[in-house]
Structures are given as structure tokens and as C-alpha cells.
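Each chain, written out:
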Amino acid sequence: MKKFINDPADVVAEALAGLAAAHPDDLRVDVSEQYIARADAPRGGKVALVSGGGSGHEPLHGGFVGTGMLDAACPGEVFTSPVPDQILAATKAVDGGAGVVHVVKNYTGDVMNFQLAAELAADEGIAVETVLVDDDVAVENSTWTAGRRGTGATLLVEKIAGARAEEGGKLAEVAAIGREVNTASASFAYALTAGTTPAAGRPGFDLPEDEIEVGVGIHGEPGRRREKLRPARELVRSALDAILEAKPVNDGDQVIVLVNGLGGTPLLELYLVYGEVATVLAERGVRVARRLVGNYVTSLDMAGMSLTVTRVTDEMIRLWDAPVRTPGLRWGA
Amino acid sequence: MDVALALAWLRASAGAVAAESDRLTRLDSAIGDGDHGVNMNRGFAAVVAALDATPPDAVGALFVKAGGTLISKVGGASGPLYGSALRALGKALPPGPEVELAALAGGLEAGLEAVRKLGGAEPGDKTIVDAYRPALDAFEEAVAGGADLAGAAAAAARAADEGARATTAMQARKGRASYLGERSIGHQDPGATSTALIFKALADVTA
Numbered sequence: 001m002k003k004f005i006n007d008p009a010d011v012v013a014e015a016l017a018g019l020a021a022a023h024p025d026d027l028r029v030d031v032s033e034q035y036i037a038r039a040d041a042p043r044g045g046k047v048a049l050v051s052g053g054g055s056g057h058e059p060l061h062g063g064f065v066g067t068g069m070l071d072a073a074c075p076g077e078v079f080t081s082p083v084p085d086q087i088l089a090a091t092k093a094v095d096g097g098a099g100v101v102h103v104v105k106n107y108t109g110d111v112m113n114f115q116l117a118a119e120l121a122a123d124e125g126i127a128v129e130t131v132l133v134d135d136d137v138a139v140e141n142s143t144w145t146a147g148r149r150g151t152g153a154t155l156l157v158e159k160i161a162g163a164r165a166e167e168g169g170k171l172a173e174v175a176a177i178g179r180e181v182n183t184a185s186a187s188f189a190y191a192l193t194a195g196t197t198p199a200a201g202r203p204g205f206d207l208p209e210d211e212i213e214v215g216v217g218i219h220g221e222p223g224r225r226r227e228k229l230r231p232a233r234e235l236v237r238s239a240l241d242a243i244l245e246a247k248p249v250n251d252g253d254q255v256i257v258l259v260n261g262l263g264g265t266p267l268l269e270l271y272l273v274y275g276e277v278a279t280v281l282a283e284r285g286v287r288v289a290r291r292l293v294g295n296y297v298t299s300l301d302m303a304g305m306s307l308t309v310t311r312v313t314d315e316m317i318r319l320w321d322a323p324v325r326t327p328g329l330r331w332g333a
Numbered sequence: 001m002d003v004a005l006a007l008a009w010l011r012a013s014a015g016a017v018a019a020e021s022d023r024l025t026r027l028d029s030a031i032g033d034g035d036h037g038v039n040m041n042r043g044f045a046a047v048v049a050a051l052d053a054t055p056p057d058a059v060g061a062l063f064v065k066a067g068g069t070l071i072s073k074v075g076g077a078s079g080p081l082y083g084s085a086l087r088a089l090g091k092a093l094p095p096g097p098e099v100e101l102a103a104l105a106g107g108l109e110a111g112l113e114a115v116r117k118l119g120g121a122e123p124g125d126k127t128i129v130d131a132y133r134p135a136l137d138a139f140e141e142a143v144a145g146g147a148d149l150a151g152a153a154a155a156a157a158r159a160a161d162e163g164a165r166a167t168t169a170m171q172a173r174k175g176r177a178s179y180l181g182e183r184s185i186g187h188q189d190p191g192a193t194s195t196a197l198i199f200k201a202l203a204d205v206t207a
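As you go down the protein sequences, you meet chains A and B in turn. Each step along the first sequence adds one to the number in the UniProt record's numbering, with nothing skipped, and position 73 is 73. Each step along the second sequence adds one to the number in the UniProt record's numbering, with nothing skipped, and position 50 is 50.
Hints are computed from structural coordinates only; laboratory data are not their basis. For glycine and all other residues, C-beta sits at the position ideal for the given N, C-alpha and C. Watch out, some of these pointers could steer you wrong.
Subject to a maximum C-alpha distance of 30 Å in a straight line, what follows is the list of computed BS3-like cross-link-like pairs (lysine-lysine) [stated by the list, open to error]:
| hint | chain 1 | residue 1 | chain 2 | residue 2 |
| --- | --- | --- | --- | --- |
| 1 | B | 65 | B | 91 |
| 2 | A | 3 | A | 228 |
| 3 | A | 247 | A | 228 |
| 4 | B | 91 | A | 92 |
| 5 | B | 65 | A | 92 |
| 6 | A | 92 | A | 170 |
| 7 | A | 247 | A | 170 |
| 8 | A | 92 | B | 117 |
| 9 | B | 65 | B | 117 |
Here are some chain B residues the structure puts well away from chain A; computed CB gaps all over 10 Å [said to hold, decoys possible]:
| hint | residue |
| --- | --- |
| 10 | 4 |
| 11 | 23 |
| 12 | 65 |
| 13 | 101 |
| 14 | 169 |
Can you build the whole structure from these sequences, using the hints too?
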């Protein structure tokens with residue numbers, strides 16, 4: 001697999017340096033501690049949001065650092081959670097005295113490392129609230145698994161909770177709206193090909209030309225099952241069935257829809273998918289209040305897409321519309 | 001076990017995960033995200049470098065430092081799990097440049113407890129625990145039967161290897177492999193496999 005890299009071992013550090021060079025006015029990147037912070041952090045009296053996770057999901061999370069969203073992000077190695085020291089350094093760097101919210105995707109490694117970091121931060125007198133994101137309904141939420149994975153809804157949690165923090169929300173309020181957004185969200189993903197990590201140099205799994213992985217996550221891990229490729233209209237309908245079964249939306253409810261590319265799928269196909277989503281939701285009487293189509297929570301170069309549906313209140317829509325200025329998401333500012 | 005032997009064990013563990021890095025990554029690609037070999041290799045290389053730079057003069061301090069290095073350098077689940085295990089092992093040991101066999105057994109028990117507390121895994125969940133638990137049982141049984149460290153370590157290594165192999169038939173209930181449901185059956189668990197490598201390293205350096 002061909003890639004634009006120098007040495008597989010240096011990819012994350014070099015990409016971080018590049019991100020800093022590309023956004024000199026908005027971001028401050030600490031290459032040795034490995035975190036990305038708002039240039040104007042810490043902001044006294046403002047609740048800070050810190051997220052992080054393995055690299056390979058760009059623009060998540062580093063691309064969502066800026067006004068109205070995250071105060072800092074900690075990228076780990078590719079598909080590997082950041083380490084506690086890194087998360088602690090970022091937390092201390094952006095704490096403005098009003099507390100810090102950790103937005104954590106529900107993966108065993110992320111949960112453990114953020115938990116250790118939150119304990120260390122508490123030892124230093126920083127109040128930390130953790131918002132766990134677990135929206136992927138392809139995984140059964142039972143005692144027999146590590147629980148549902150955090151995927152596309154992470155963007156909505158970071159945007160809406162970030163807006164609440166920007167307008168002066170208190171620590172408990174920011175965390176609460178983040179948790180509400182997560183609870184109201186469900187996601188489902190398909191992969192057409194596996195992604196290739198720089199270190200492995202070969203795809204994480206092989207798929208025959210006519211088969212797809214159903215219910216994949218964002219780390220190249222295989223999905224729940226394989227199926228024959230079907231027309232997009234049928235795949236969308238199946239995904240929405242799973243989403244709406246897990247998180248029912250009633251007639252007249254408003255939703256935000258995210259059609260998210262996993263890194264290797266053209267926008268042409270993502271818009272085609274959005275058209276199918278709009279048709280199905282209209283049939284079911286669901287009002288789409290806002291929508292976002294593009295590559296936001298990716299899995300390196302995986303061809304595939306995920307759908308996220310979040311049932312929203314007027315308050316969430318107001319916060320969604322609030323100004324945001326980040327490398328990956330920008331409007332009104 | 002003295003400081004030199006503890007250091008030799010960690011060095012041999014680093015050598016083993018480096019040599020088996022590709023295999024660990026292949027196992028992890030089948031049911032996880034394909035980075036276990038790379039991460040373990042990076043972590044244990046950092047452990048050896050940290051211990052070479054400033055070698056602790058007590059066995060317990062050495063394991064605490066090794067564990068802290070893994071937590072700081074690895075990330076993922078394996079960093080906190082192996083790091084916490086080594087830290088708990090080190091903290092459970094009495095101070096001094098040499099520890100008795102019974103104390104070491106107690107330390108290994110504390111290490112397993114740390115893994116179970118952090119990860120919540122029980123035997124049969126297809127995790128590190130499925131190699132660590134039988135290895136520890138065999139170690140303690142050998143010690144109770146009068147074996148020396150070499151004998152106990154050899155018994156533990158055999159049991160860890162059998163435990164790791166037995167994970168093939170299990171359905172994962174913890175960690176990333178659990179997302180696969182029944183599809184995780186038929187693949188040996190990478191975490192249990194690396195645990196078996198570490199117990200084999202102990203057997204190799206004490207033989």
C-alpha cells in the first residue's frame with residue numbers, strides 16, 4: 001500500500017507538526033507532550049473540553065480544536081489511545097479554573113487511559129467530568145461486550161457541549177448536555193474496504209470484491225458480519241432500521257443527521273447516501289433539522305460510511321448553530 | 001529474585017515481544033486493530049531504556065518503574081493493563097535488592113488483581129487473564145510443592161502457553177475483540193499470547 005509518509009514510526013509526530021504549521025493563528029501544538037490546544041487557551045473561567053483517541057480518525061479530534069468546540073485534543077499512535085501523561089498535560093494546559101470535560105469514546109484503552117489521567121488531574125486539584133460516547137448500535141450493549149463503541153456522535157457531543165462551554169456553561173451543565181446528546185444518538189457503519197495503518201502497510205482485513213463488512217468500527221477491526229454488496233438504497237434502509245430500533249424517533253421529532261465518510265469514500269457517494277437517508281426519514285415523519293455530509297470521523301483510508309441520527313431539542317439545535325472555528329468544522333465565526 | 005534477575009526477565013520479555021511482534025500483530029489484526037505487536041515492542045523497548053538509564057537498586061522499585069514506563073509509553077489497553085500489573089507487583093514486594101519466592105508469588109497475585117480491577121475481565125473472557133490466571137496457579141502450586149524459582153517459572157510458562165492456546169475456542173467478552181461476537185471464536189487472543197511470552201521469558205532467564 002502506497003502512502004505519503006517518510007517513516008511509519010514518525011507519521012503521528014510529523015502530521016502534528018504539519019497541523020501546527022497549517023493553523024499557526026488558531027492552534028498551539030505541543031509536539032513533545034503531544035497535544036493540540038486552542039491558541040488562546042487557557043481561558044479563565046471557561047469550562048475546557050479535552051478529547052483524544054488514536055490517530056487515523058482525522059479531522060477528529062485535533063481538527064475540532066478551536067472556538068466553540070474543543071480546547072485541546074490528544075492524538076495517540078495510529079488507532080491507539082493516548083497515554084495518561086499526555087492527557088494530563090493537555091488538561092492542565094487548558095484548565096481555566098472552571099473544570100475540564102473529558103470527551104471519551106467508549107473503547108477499553110481510551111476509557112482506561114482517560115480514567116488514569118482524570119485521577120492524576122484530581123490529585124492536582126482540577127475538577128474533571130467525563131462524557132463517555134457510545135453511539136454505535138452495531139454492537140450489542142450487554143455485559144458480554146465492552147459496550148457500544150463511540151463513533152460519529154462524538155462530533156455532535158463535541159460541537160454541542162463545546163458551544164455550551166463557550167457561552168459560559170458550568171462544568172456540570174456542559175457535561176450534562178454532552179451526555180444528553182450521546183444518549184439521543186445512534187450510529188451504524190459499513191465498510192467496502194479495510195484501511196491500512198502506516199505501520200502494518202497492508203489492509204487490516206481482506207474483502208472479496210462483492211462483499212462488505214456490516215457494523216464496522218473506526219479502527220479497522222472487522223464488523224459484525226459480512227454480506228453481499230447491495231444497492232445503497234437498501235443499505236441505508238437497513239442501517240436506519242437498526243438506528244431507529246435502538247433509539248426510536250417519534251413522528252414529528254427533530255433530528256440532526258451525520259453522513260460520515262470513513263476516509264476513502266468520495267463525496268459523490270456520500271451525497272447519494274444522504275439523498276437516500278432524507279427519503280427514508282421523510283417517509284417516517286422524521287424532521288431533519290440539520291445535516292452534515294463529509295469525512296469527519298474517519299478510519300484512515302477505509303472506503304465506507306457511517307450514519308448517525310441524533311434526536312435533538314431546540315436547545316441542542318441552537319448550540320449546534322452557534323459559531324465554531326476549527327480546522328475541521330467552521331461556521332458563523 | 002534479585003535486581004539483576006528481574007532486569008534480565010524484563011530484557012528477555014522485550015526480546016520476546018520484539019521477536020514475536022509480527023505474530024502478535026497478525027493475531028490482533030484478526031480480532032482487533034492490528035497494533036498489539038507494535039505497541040508491546042515500543043513499550044518494552046522503552047522499559048529497557050528507562051531501566052538502563054537509571055537502574056533501581058530494589059526489585060520492587062524496578063517493577064514499579066517498568067510499569068510506570070509502560071503506562072506512559074504504550075497507550076491502548078495493553079499499556080495500562082501490563083503497566084498496572086507490573087506496578088502492583090513492584091508495590092507488593094518487600095524493599096531490598098532481593099526477594100523471596102513466596103513474596104514474588106504474592107506480587108504476581110497483586111499484578112493479576114490489578115489487571116482484573118482495571119479491565120474487569122474474568123477467566124473465559126478471552127483476555128490476558130486467561131494466560132495469567134493459570135500461570136499464577138501453576139507457579140503457586142509449584143512453590144507449595146517445594147519447587148525453586150526455575151521450576152515454578154517453568155510450570156507457569158507451560159500453563160500460560162496452554163491458557164493462551166485455549167483462548168482460541170473462546171468468544172471475547174472484553175476489549176475490542178468483543179465487538180466481533182461469535183466471529184472472535186477460532187482466533188487466539190493476542191493479549192493472552194503476549195502474557196505467555198512474558199512468563200516464558202521468566203522461565204528462560206531462570207532455567
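Hints versus structure:
1. For the hint pairing residue 65 of chain B with residue 91 of chain B, the CA-to-CA distance comes to about 10 Å; that is within 30 Å, so the pair holds.
2. Among the hinted pairs, residue 3 of chain A with residue 228 of chain A is consistent with the structure: their alpha-carbon atoms are about 29 Å apart, no more than 30 Å.
3. For the given pair, residue 247 of chain A sits about 26 Å from residue 228 of chain A by alpha-carbon distance, which is consistent with the 30 Å threshold.
4. With a C-alpha separation of about 28 Å, the suggested pairing of residue 91 of chain B with residue 92 of chain A holds against the 30 Å cut-off.
5. For the given pair, residue 65 of chain B sits about 24 Å from residue 92 of chain A by alpha-carbon distance, which is consistent with the 30 Å threshold.
6. For the proposed pair residue 92 of chain A and residue 170 of chain A, the alpha carbon gap of about 18 Å is at most 30 Å, so the pair holds.
7. A C-alpha spacing of about 28 Å is found between residue 247 of chain A and residue 170 of chain A, which places the hinted pair at or below 30 Å, so the restraint holds.
8. Between residue 92 of chain A and residue 117 of chain B, the direct Cα distance comes to roughly 27 Å. Compliance with the 30 Å bound is thereby established for this hinted pair.
9. Taking the CA atoms of residue 65 of chain B and residue 117 of chain B, the gap is near 20 Å; set against the 30 Å cutoff, the hint holds.
10. The beta carbon of residue 4 of chain B sits about 29 Å from the closest Cβ of chain A, which is more than 10 Å, so the claim that it is off the interface holds.
11. Residue placement check: residue 23 of chain B keeps its beta carbon more than 10 Å from all beta carbons of chain A (closest about 13 Å).
12. For residue 65 of chain B, the requirement that its beta carbon stay farther than 10 Å from each beta carbon of chain A is met, with the minimum near 14 Å.
13. Under the 10 Å C-beta cut-off, the non-interface status given to residue 101 of chain B relative to chain A holds; the minimum distance is some 31 Å.
14. Here residue 169 of chain B stays apart from chain A, with its beta-carbon at least about 16 Å from theirs, past the 10 Å limit.
Violated hints for the displayed structure: none, as all numbered hints are satisfied.
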